[in-house]
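There are 6 protein chains.
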Amino acid sequence: MPIVTIQVTREGSKPGNDSVTADEKAALIGGVSQLLLDVLNKPLDSTFVVIQEVETENWGWGGLPVEAYRKQRGLKLD
Amino acid sequence: MPIVTIQVTREGSKPGNDSVTADEKAALIGGVSQLLLDVLNKPLDSTFVVIQEVETENWGWGGLPVEAYRKQRGLKLD
Amino acid sequence: MPIVTIQVTREGSKPGNDSVTADEKAALIGGVSQLLLDVLNKPLDSTFVVIQEVETENWGWGGLPVEAYRKQRGLKLD
Amino acid sequence: MPIVTIQVTREGSKPGNDSVTADEKAALIGGVSQLLLDVLNKPLDSTFVVIQEVETENWGWGGLPVEAYRKQRGLKLD
Amino acid sequence: MPIVTIQVTREGSKPGNDSVTADEKAALIGGVSQLLLDVLNKPLDSTFVVIQEVETENWGWGGLPVEAYRKQRGLKLD
Amino acid sequence: MPIVTIQVTREGSKPGNDSVTADEKAALIGGVSQLLLDVLNKPLDSTFVVIQEVETENWGWGGLPVEAYRKQRGLKLD
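Protein chains in written order, with this note's numbering: chain A, 1381 to 1458; chain B, 1381 to 1458; chain C, 1381 to 1458; chain D, 1381 to 1458; chain E, 1381 to 1458; chain F, 1381 to 1458.
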């Protein structure tokens, strides 16, 4: 009966994508539900998964909005 | 001083609606605030309610995005 | 397939109780699940409810921990 | 390693704005990350902040959607 | 920079255990972090995981506290 | 009417403390409520703050429970 909430920034995982794709969402849902079956023996039918996409200007890290933080750190995507 | 968070899929409750209506939201807010008054004696003024609507492709059940799960199970709406 | 999260302070609703009782929790679970059936036509079997009890020193209102806030305002319980 | 979630209604803080601005979001992210450094000695790099903007019709207070509640109470913005 | 929240009932996954073990928690943390790397290319260092264990009397399903629901349905663990 | 949720590990901020103290909690509550007043003009009375303390074995970073991650990285506290 687990509930899994996955929060990510609303952006693509590779060049050309500007958001998480439906296939990627399905892979997250399938993968984490399977993990709860494998580790805690929770039936697939008992697990809810909610994916929340968050605008990059609404996500902070290092005291900065995430895009400013990445620039400061020379990071690409995370 | 309760906080109630209600997460539902973003879709209509009956044919012709494609999302939760303002009236339905008001009924949820009023009903759950009243419940907290009745059961725990919490004044209406002390209760916050937040409704979060989640795209169906962002909601997983049974290891699948919810629309695929409903199809597999022959369910209509839930 | 709704998820309802109810956050309340960990304290009793009447003199002699120092926490929410099992009966009160059952009443919250039953009441809010029924509300989602009545308002949005969600089957009872599709609704998860999670009650989170929060220590009063971990809850803030009016810029103060809630017990200090109540004292300042002359409130009893909320 | 703290996670701070800030939920506010999606509306402007002053006349002419209809939502929280990018500058205001940056000020919230910077301010709360600094607070965690000052109070708990958490490095800025260890703090995540997520801002969630909630439509006013999805926010309830006093048993009513928030705009109806404000009208009833003669409040402007909160 | 994802945040994953995993909510489960506070109980053991097999006879003799009365809660989720530290090893099971480590397997959940490692597995879901790897999933986010595999599916969305998120570096392990950018993912936070929070596991929340919820008392069974605080978890509702089917309009009932979960232990009553399981009894009604003849379920064991989920 | 904001809601701020602050999640931190359950541990002390300095040697000799094994958890967040009541004074530190009050400083977090007061500080973040003031921040919302300063930045978004939200009255103190309209802000709720909830602090959630999470056991270190329930918090993951870098694919590991946080204490293992700190050891791997040579970190002390974060």
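One thing to keep in mind: the hints can contain errors.
Since copy identity is lost for identical chains, a pair holds within one copy or between any two.
[Claimed, not checked] Cross-link-like lysine-lysine pairs, in silico, DSS-like; alpha carbons within 27 Å at most:
1) 1451 to 1422
2) 1422 to 1394
3) 1451 to 1394
Treat the hints as calculated values from the structure; they're not laboratory data. Bear in mind the structure is a predicted one, so any value in this text is a computation, not a measurement.
Ascending list of hint numbers which this structure does not respect:
none
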